[in-house]
Every structure is written in structure tokens, then in C-alpha cells.
Amino acid sequence: MYTIQPEHGDVVLQSTDKDRSPIEFNTITLPQKGTITNVKTRHGRGRRSILGKLFFTQPSRIPIVSARSISSRSDRHSTSSSSTRSVEARIETTRTRSDSSQSDASSSYQSAVPDYFSQHSAESPLSSGVLSRSETAQTGDDSSLTSSSLIDVRSKSKGKGPLILPEPLAQPFAPPPETQSSPEVDIEEESALATVETLPRSSAENKTLQNIDPSEPSIEEWEDCITTATPKTRVEDTPKIRRRGRRTIVTQKHLMQTAIISLNAFSIFVTWWWPKFAYILLPFITATVALNSIMVFSIGAHVIWHRIFPEKQIMPEKPESLVLLIPCYNETMEEMTKSLNSLVGQKDIDQHPQAVMIICDGKVRGPGMEKTTADYLFEDILVEKDYRVRIRAAYLAWDQEFMDVVVQKGTYRGVPYFCIVKQQNQGKRDSLIVVRSFLYNYNVRAEHPETVFSPRFFGFMASFLKESGIDNVDHLVGMDADTVFEDNCIAELLKESRYPHTVGVCGYVAVDWKDGHWDPWRLYQSAEYTIAQGLRRLHQSIATHKVSCLPGCCQLLKICEETCGPEVLVEKFGYCPTLTDGMLTQIRATASEDRNHVCHMLSMRPKVQTRQALKANAYTDVPHSWSVFLSQRRRWSLGATSNDLLLVFASGVQWFERIIAIVNCLTWFLNFFIFASVVSFIYAMTHTPAWIIMCFVGVMLIPLVYYLCIPLWLCQKWHDRFQFWAGCALYTFCGPFINISVLLYSCWNMDSFGWGKTRKVIAEDAVPLPESASQSDPISKEGPAPDTVLGPSASSSSSSGGNQQKQLDLEPTQNEITLENSDKERQGNPVRQDKE
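Sequential numbering of the sequence shown, starting at 1, is according to the UniProt record's numbering.
Treat the hints as calculated values from the structure; they're not laboratory data.
Careful: at least some of the hints might be erroneous.
To be verified - Dumping the calculated DSSO-like pairs for lysine-lysine here, alpha-carbon to alpha-carbon at most 30 Å:
1) K607 - K318
2) K514 - K428
3) K615 - K318
Using the sequences and the hints, build the whole thing.
In C-alpha cells, the structure reads:
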């Protein structure tokens, strides 16, 4: 709802609602000084356009034009994308010319768009009054609008209505004289909300922007959908508290090491000193083998049962909507490209609405990388883009500080994507929380939930999904940036997700043989992967329906309260340990985030089910050196054990899964003793009755025989089967020694909570915003600034603009305008500062 009131005139023009309901409105005064604001009605915010085709019923598009700006622009016009958040604006016009010069300017304006307003004058009695005061409305005289303008975007008090950034008129302007210059745009720091890329555009791009549908969704319609949570109070980071927290962790580490050494030494001493009483410790020795044997028989029984009585699937009424997620950190361009291509090239899902979201955790370079992963994405991979925006204080990270992000929207091989680059590394867990929390809150936006997002950041992401044809997100498919999906991977995940109460599905993760098919390291790890997924995880999937780890490299999650609700996702999974938290809390927060999320979900929501789709194959890279292998297994070992302890003591855990968790913890603590028991068993074979030895051997051979049979029904090619059998031999004979090495390394580095050598980087390129981006005049004074653009990039222009495009794609410089998050400034919340 808008009104227009000329400064010198007695006619007030106004629009009304269809139902003629009473309206509270603000006014627009032309031409000297005017306040253009949106109008609130009892039914919500108005959705009107003033200078376009009169009054549209969708988001506002308000072009603000002066004669100088018209005569100085050729193909470039100030515009706002459909995803631009509305801001309140004040237009101050300063008359610097005489009345005669104003008349000349008016003539210039009328010659540029001779019939634009006259051709629409018959559509509504208000169209003639949109431009000028009443006495000149019939002639189209708009001299009162033709003075040179200084557009000053300021932050007003809360409760005022919004105004969309300038939008081009529907007809192209005539080519202007080359002697004219563009009007200056001045945006003050406190009003800034995002960094909007500014690019010169070609004629083809002008044509595209002129044909934008006025009903295209705008960010302003999403602003009232959510509220932003306030940061929680955390323990103050002082040297004293830091030293005290460090002493606590070191003390707990030494106590844990002492306990492990004592228990193993005592058990070994008992079996060797009193061999007649060794049977007392027999349950600890044979527990793992016994459970594996039970699971083998259970798998066989359930397979036969499901063949006779198949489980019923719930088929959806319409194809499920999918969001495909790739979190990344320091991956190379080759890894990112292969992963993206495999993700968007999936078969049998064309009927499903889908969109890709990429989130890059900071800006770092790994060994051998010329650029950061973020630069590879922006400059070399995601070249088809609609806009790029930098948003200050975009969301509240899991450490309760606000994070700046750069977002880019476009298409990749025909699939819409939304790329988020965090300006500081916060870990993969924080990235997962951002995307999962957004998708859940997008689905429940009608309830106006409290979220960790700023309204602008939420608006950009929400409008992206809306434009992608997704009104409600059904599933989130996650993969790692060093993983490649088979063509039917997602289709197989979807099939497995349609069983009742199923909220999560993982695929079958195989080793990528890119460096050779018979490399011993890869053979061993491939056999290890296959045995883990073909026995325990398979039993969890078909028997208990409680898969306790859904690997992030191949994962499907249903977007619902059980998986992505605030209680599970933010309060439990998203808890960031403080300096005073203990070692166990620190390990759970930094190691094995995929298992930790599922364990919280299974304990807090006992009725949910998680499954495995063995036909959903994904190929991932594995460590190729001993040091990287130990670093990875340290995280996996500590993460798995700490989360098993959670399943041991948490309520709501399925009884068989609780038993398995107890056995896993005992096996980890008594690994030295179990190794020594194998030696004792070999020695006992010389003086123990044969029938007793055969009983033990029979039980131990059941899992081993099952291992050898796994490739017969899992692998399709004999080449793959022989690969597994070769790796299984290495696993059988070398596994105990490798397990001891991993345990020693894990215990020694128990107080190290980073990724170690698994994610080694050589440089971190995250830098603070340039000074020019935070001052009142962010536009470089070296030359005329191009028009502010939030639309198609210049990458589709001529080849001569390629180098310029590459320069414009960098961090906010002379061609970007920084818009501060005024909401956060008003709340007094701190804004995250980038750090090296």
C-alpha cells in the first residue's frame, strides 16, 4: 500500500486494498524531499509497485530515476534481484540547476522513454499521477523528478516499512551521451546488510532484466517468517580460565591412561599367573566374537523372514523434494568437480524437485593447491551465477558468535545451486547445523520459529528454494567433497527411506581405487569398510533398524522434528564445549559428528528408524600414508567410543544396541589384554583337550567364514571379490597389530581435538572486510562506479569482459556495496571478526 503526495499540489494519490479495508499508510513526497516506505495493512505488508506497470500484487519493485541518471546510463540500470531484502530508503533531491536546465532535463527524460507512461495511462486513473503533481499529470511533465539525486540508504527505526532497491523500467533507455556520469550512490555503514556485487551488464543481460516477472518472490516476504535467537552466555575466555580448563583435560587424560594400563595389566597378570582361573575373564575375551556370531545368524533369519513377509513401503503421493548438500573445506578443484558432477548427474530422480547447496567452511588452501576451495568454486566451477552477496552477521554459529558469509546463487549443469562460504573456519559440525536447521525452519516457517539466522540470510536461502520449485523440503542428501556417487545412488537411498518410521538412510561406502587396484593400504581399508558395513551395520539395518552411524559421505535425512528439530540438532548436537568442559564432552563435539548426531536422535526419539541401502554405492578417498591413517583413526576411535558410552547410559536406547555399545567400550579399554589372550590361546592349544579348543575355534570361525562370503552376494565382479579376499587376509593377520597402534596413538593424543593431518592446510586466506567496504563510501574513486547489480553476472557477456569478471568475483572491493545487518546492530549483538 502506497500513497503519493506532491510537495506542491493539492492532489493526494493513493492505492486501496481490494476489500476497501481501512489502511494505515505513509506518504511519498515529491520532488524536494520524500520518504518512500511500504505501508502496513491489517492483512500484512503491502506488495505494490509505483513506477512500474502501476500496481502489482506481488513484491514491490520501485524504480527511482532522475534525468541525469537516465542520460548517463546506456545498458546499465540499477536493479534489485528477486532475492533482495527490502530496505527503508530516504531520497533527498538537491536542485543544482536552474529552472531552464530542469526543463532540458525533463525533455531528455521524455525523449528517453517517450510513450512508457502514456501507454499505461488508461490502465488506471492513478497512473498519470504517479510521476508528477496534478497540474502537470496529464502532459506527463516530470520536471519535479529530474533534478540530480543523491540516494542515501539509511536504517530507520524498527516498525517502518521497507523499500526495494531500484528496479529498471520496462522499456530500454536510449543511448546516453558519453559525457554524462552516473549519479553517486552513498550507503552508510550502519545501514549495511549485505555486500551486493556490482557488475557492468551487456545488452543481452539488460533485456533479461527488463523481462523479469514483477511477481517474482522477493526477500521481504520472508523477513517476518523467523526471529533471530540471541547469543547464549558462555564462559569468559581469560588466560586463567583457559589454564584451568587445560589442566582439567590433561588430568582426565592421565587418569584415563592410568585406568587403561591398570585394567589391561591386571587382566594379563591374572591369565598368566593363575591360568586355572582364566575362565573368569573369558566373557571379556569372547564377547566380540560371540556377538558377531549372533549377528550372523540374526541376519540370515531376518533375510528369510523378509523374503516370506516383505516389509511394506509407504509410497509418496508426489515425488519427494530433495536438497543435495556438499560441505567442503580444503578440497581441490578436481575433487569438487567430480563430486558435483556425480551429484547433479544422478539418474531416476528427474521427477523430484531438487536443488544443490554447497557450504565451504572458511577459506584455506591445502598442500598443492593454488587457490582456496572457495576461490575454486567461485572462479572456476560455479561460473553460471545470478548474484553474489556478502552478508554480515548472517547466522549465529555454534560458538555463539555471529558469522559473516558470502553467498552465490546460480545453476550448475541445469540444477540450481546455492553456495555459502563462511568467512571463518568453524568445523563441519557447524556447517551441517546451518543447512539442516535452515531446511527444518523453512518447512515450519508458518509458525514463525526462533532460528540462528538473520532475516536477510534466511530470506536469501528461502527465496532460492522457492524459485527452485521447493515449497517443502522432504529429504536432505549429504555427501563429502571427496566422494563420488554412482549414478543410481540417490534413487536407492530414496527406496530405502520409504519404510515406516525411517528418518535416515546411509549408502554403501567403498574405496576409490584411483591410485591402483592392488595398493596394500587401500586393500586393507577396503576390507575393513566392507566387513563393518556388511555385518554390524547390515544387522542394525534389517534387524534392529537402528543404524548408529550414518556417514556424511553418503547420507539421506528426512527433514523433520526427529532429525533436525531444535532439541536434537541445536541443543544436543549443536552444543559447543566451553573451556571448562571435560575431555569426553570435547571429544564428542569434535570427533565423529555423524555418529554423534544419530546417537542423540536414537536416544531422544526411540521410535525412529535408520537404515542402510547397500545398493547406494559411493566411492571415497582413503588415507594413503601411515600418519594420515593414524590421525583419521584416532578421531574415529575416540568418537565411536565416546558415543558408545552415550548409548550405554542414555535412556530410550534399543536393548541389543545397548549391549553392543557396552561390548565395544570393553573391547576398546581391554585391547591390550585381548591381544595378549590370543597369544595365551595359542600356547594353551598345546596342553588343553582338543574338544575344548575346537569349541573355541568353531565360534571364532563363524564370523570369519561370513567375512569370506560377503563378496559373493555384495560384489558383482570377480575382480572386486578377489580384491576383498586379498584385503581380508591383510585385515585378519595385520588387524590386531594395527588396532594396538591406533589405541596407543589415540591414548597419547587424547587431548587433541583437531582433525590433525587428515585436513592439513598450508594457508588460510580469510581476511577482514576491506576498509572501503565498511565506510560510508565503499565505491572506489579511481573511476565511475558501475551500477549496483543483483542479477545475472557478467560471465555470460563477451570474452573481453572475462578478466574483469574474475576481478569482480573477489572479496568486496570497488565494485561491491556493503550493506550492514541493521537488525543486529540495533540489538547490540557483536559481529564476528575474521581471524587468521
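Going down the list of hints, with the structure as the test:
no., hint, verdict
1, K607 - K318, "holds (25 Å)"
2, K514 - K428, "holds (25 Å)"
3, K615 - K318, "holds (23 Å)"
Every hint from the earlier list agrees with this structure, and none is contradicted.
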